[in-house]
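A.B. asks: Chain by chain, the residues run as shown.
Protein chains: 2
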Amino acid sequence: MNLSNEHSLRQEKIRTLMNQSNIDAALITCNVNLLYICGQIISGYCYLPVTGEPLYFVKRPNGLKGEQIVYIRKPEQIVEYLNEKKIPSPSTLMLEGDELSFTEYSRLAKVFISAKCINGTPIIRAARSIKTTLEIELFRQAGAAHTHAYQQIPSIYKEGMNDRQFSIEIERLMRMEGCLGLFRVFGQSMEIFFGSVLTGSNAEAPSPYDFALGGKGLSPALPGGLNGTKLKKGNTVMVDLGGNFNGYMSDMSRVYSVGKVSEEAYRAHQVCLEIQSEVTTLAKPGAICEDLYNKAIEIVNKEGLSDKFMGTRQQAKFIGHGIGLEINEAPVLAPRIKQELQPGMVFALEPKIVIPGVGPVGIENSWAVNKDGVEKLTLCPEDIIDLQEFIPNA
Amino acid sequence: MNLSNEHSLRQEKIRTLMNQSNIDAALITCNVNLLYICGQIISGYCYLPVTGEPLYFVKRPNGLKGEQIVYIRKPEQIVEYLNEKKIPSPSTLMLEGDELSFTEYSRLAKVFISAKCINGTPIIRAARSIKTTLEIELFRQAGAAHTHAYQQIPSIYKEGMNDRQFSIEIERLMRMEGCLGLFRVFGQSMEIFFGSVLTGSNAEAPSPYDFALGGKGLSPALPGGLNGTKLKKGNTVMVDLGGNFNGYMSDMSRVYSVGKVSEEAYRAHQVCLEIQSEVTTLAKPGAICEDLYNKAIEIVNKEGLSDKFMGTRQQAKFIGHGIGLEINEAPVLAPRIKQELQPGMVFALEPKIVIPGVGPVGIENSWAVNKDGVEKLTLCPEDIIDLQEFIPNA
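Residue numbers (my numbering), protein chains in the order written: chain A, 1 to 394; chain B, 1 to 394.
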């Protein structure tokens with residue numbers, strides 16, 4: 001385990017928050033948090049004291065070397081090791097309470113029987129929500145790859161395709177550009193494969209998942225996203241795939257059409273672009289999340305589109321969300337969220353409107369908050385692109 | 001919510017086990033368990049009493065109708081509803097302790113403050129491990145689609161491909177045959193995108209994940225599976241993708257080669273086929289899991305291949321695993337597992353050997369246990385297929 005300065009910096013961010021809460025040590029075992037603090041996923045545990053060297057208790061993979069690596073078979077050996085090395089046992093220990101199963105958490109709490117165990121997930125997520133310079137750079141690279149894949153979308157369209165065939169070819173473009181495919185979501189209730197491609201009335205179908213738009217899905221086994229609807233003349237199709245190119249979940253939606261669509265659809269699309277413009281003008285350090293949400297609502301109300309904003313039969317109650325190693329990080333741009341934007345936050349802003357009989361319109365880009373405002377990380381053209389213009393000899 | 005006989009049958013299986021453990025009711029909220037008991041994923045909860053009608057407390061999707069449907073915003077309303085309807089509150093309540101986060105479990109336990117809460121995951125997984133007639137039929141259909149995708153693999157091979165390019169085209173074949181893509185794994189520690197394609201020495205690379213073989217992966221963000229290795233003459237490549245075509249995770253591995261490979265590799269492949277044959281001859285109701293594992297070990301020891309079986313630098317300690325809505329269900333064919341096979345169990349058997357300098361060989365099929373023995377669900381040819389024979393005009 002060769003900890004870079006980057007990972008020491010991340011650990012320090014967590015330790016600062018631990019110190020403020022009088023926490024002596026953290027025991028971290030969830031993949032995404034391990035990836036964050038040491039740049040590597042292990043089957044095992046990182047024991048991170050508020051001061052002093054972290055220790056890595058590893059079950060798999062074989063063959064890691066370093067002074068801070070201790071191979072174990074079970075977590076009980078962690079405490080044995082700390083005792084043996086006369087490392088003081090923690091009075092207050094932070095565990096990943098929102099991520100570990102009840103059974104795993106309870107076992108670890110029993111292993112550290114003399115410690116008061118508290119839920120450390122909010123602290124780790126708070127640290128993760130403020131990206132480092134390197135993380136922002138990784139997001140820029142992800143955004144560029146994501147953009148490059150989307151630029152090729154018109155080239156794979158063929159007349160008569162359905163949403164599934166269209167999505168499959170775009171998934172392939174994403175993978176060819178280096179997308180790892182894995183879509184990491186915080187919490188166990190949201191499931192998705194690669195993202196969402198929605199056309200026509202399927203964009204109105206309510207889903208159990210709390211994504212921006214729903215979709216019926218191909219099977220009750222995955223009730224969200226595309227459902228086999230043909231891409232029809234006069235309809236739009238929205239492509240919203242997750243861009244895990246290097247661990248960081250860039251997020252971008254673009255809208256395509258088959259031929260021309262209704263004036264209402266073009267107008268609603270412009271309203272979404274206006275929301276993006278207005279909200280990102282406000283978005284700077286100190287801006288309050290609910291104010292950004294309310295600005296969007298103010299615009300859709302003024303335009304008389306509130307019953308179609310973020311869905312029709314079911315409407316999502318947010319216009320954006322933090323992104324990072326997972327698709328749903330802090331901050332959330334939603335009602336009653338008083339959190340302020342800070343430099344280093346990265347979020348997706350996705351004002352979307354569903355036009356019955358046509359399909360979804362709108363926009364989604366990934367944005368990094370800097371000291372003056374925001375930087376756009378995903379740079380594709382933003383108008384509705386007519387796929388029919390790209391059919392050879394059409 | 002239109003409960004079919006099928007779902008009533010599944011609920012009865014769980015209730016029988018609840019009754020044996022003196023559990024009054026279950027509160028089920030994890031997607032895969034909801035899909036199992038009512039054929040539908042909701043954001044919400046199924047309250048399943050040991051006798052009487054189940055109730056569905058739904059947050060999303062909008063628009064469900066039925067006498068047993070109650071819309072709620074938060075779980076506290078479940079108890080309010082039960083009190084209002086004079087439904088007796090449970091003395092012992094079963095929650096999904098191995099699946100819910102500590103925070104969620106604790107919240108629900110607090111909601112049902114007068115009940116003794118116990119971990120119900122083992123009961124639900126026990127019920128799920130014995131498939132119904134319909135589930136077996138769904139597995140047959142998944143196996144047939146999976147087979148059909150694999151049959152087309154030689155057609156997508158092009159000289160000079162690396163493992164990533166090869167995998168991307170096979171993922172596309174799987175998707176075109178109807179694969180939903182989502183790879184459901186029990187527990188939060190194992191992550192994978194679509195499955196694993198391993199060639200050459202990458203098959204030896206240890207991974208933190210407990211899959212049959214490792215692989216370095218393309219990025220520390222997903223340290224398993226393919227890593228960009230070129231498919232080279234004299235090397236093998238193993239394709240092991242998950243087949244979620246209808247919710248059920250069929251599992252199948254096949255081995256391809258670029259030109260001829262070493263005699264040792266062909267011989268090791270035959271040893272794996274022999275293990276498959278011997279183990280599936282023993283596999284019938286009453287057979288004990290560890291005996292099946294030990295039979296495999298006996299054969300590899302006799303053949304002098306034990307240091308290459310299930311990996312070299314890191315060796316998996318199982319030869320098979322139950323499959324269902326998740327890739328890792330009961331039973332596990334591993335040392336010290338005393339569980340007996342029963343009719344209705346479905347498992348993947350995957351004896352694999354890694355030959356340094358060549359790559360992985362071996363076989364994986366999905367099998368359903370019936371009253372006399374086992375039925376093979378994945379029916380592709382099992383020999384090593386030379387991809388070079390399929391290059392047009394080669």
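Hints are computed from structural coordinates only; laboratory data are not their basis. Note that the structure is predicted; figures quoted are calculated from it, not measured. Be aware that a few hints might be false.
As the list claims (entries may be wrong) - Simulated pairs of lysine to aspartate or glutamate, EDC-like, Cα-Cα distance not exceeding 16 Å:
#1 A:Lys-59 to B:Asp-98
#2 A:Lys-74 to B:Asp-210
#3 A:Lys-232 to A:Glu-12
#4 A:Lys-317 to A:Asp-291
#5 B:Lys-74 to A:Asp-210
A.B. asks: It remains to establish, for every hint, whether it holds in the given structure.
C.D. replies: Hints and how they fare:
1. A:Lys-59 to B:Asp-98: violated, 20 Å
2. A:Lys-74 to B:Asp-210: holds, 15 Å
3. A:Lys-232 to A:Glu-12: violated, 53 Å
4. A:Lys-317 to A:Asp-291: At roughly 14 Å apart (the allowed maximum being 16 Å), A:Asp-291 and A:Lys-317 satisfy the hint.
5. B:Lys-74 to A:Asp-210: Holds, at about 15 Å.
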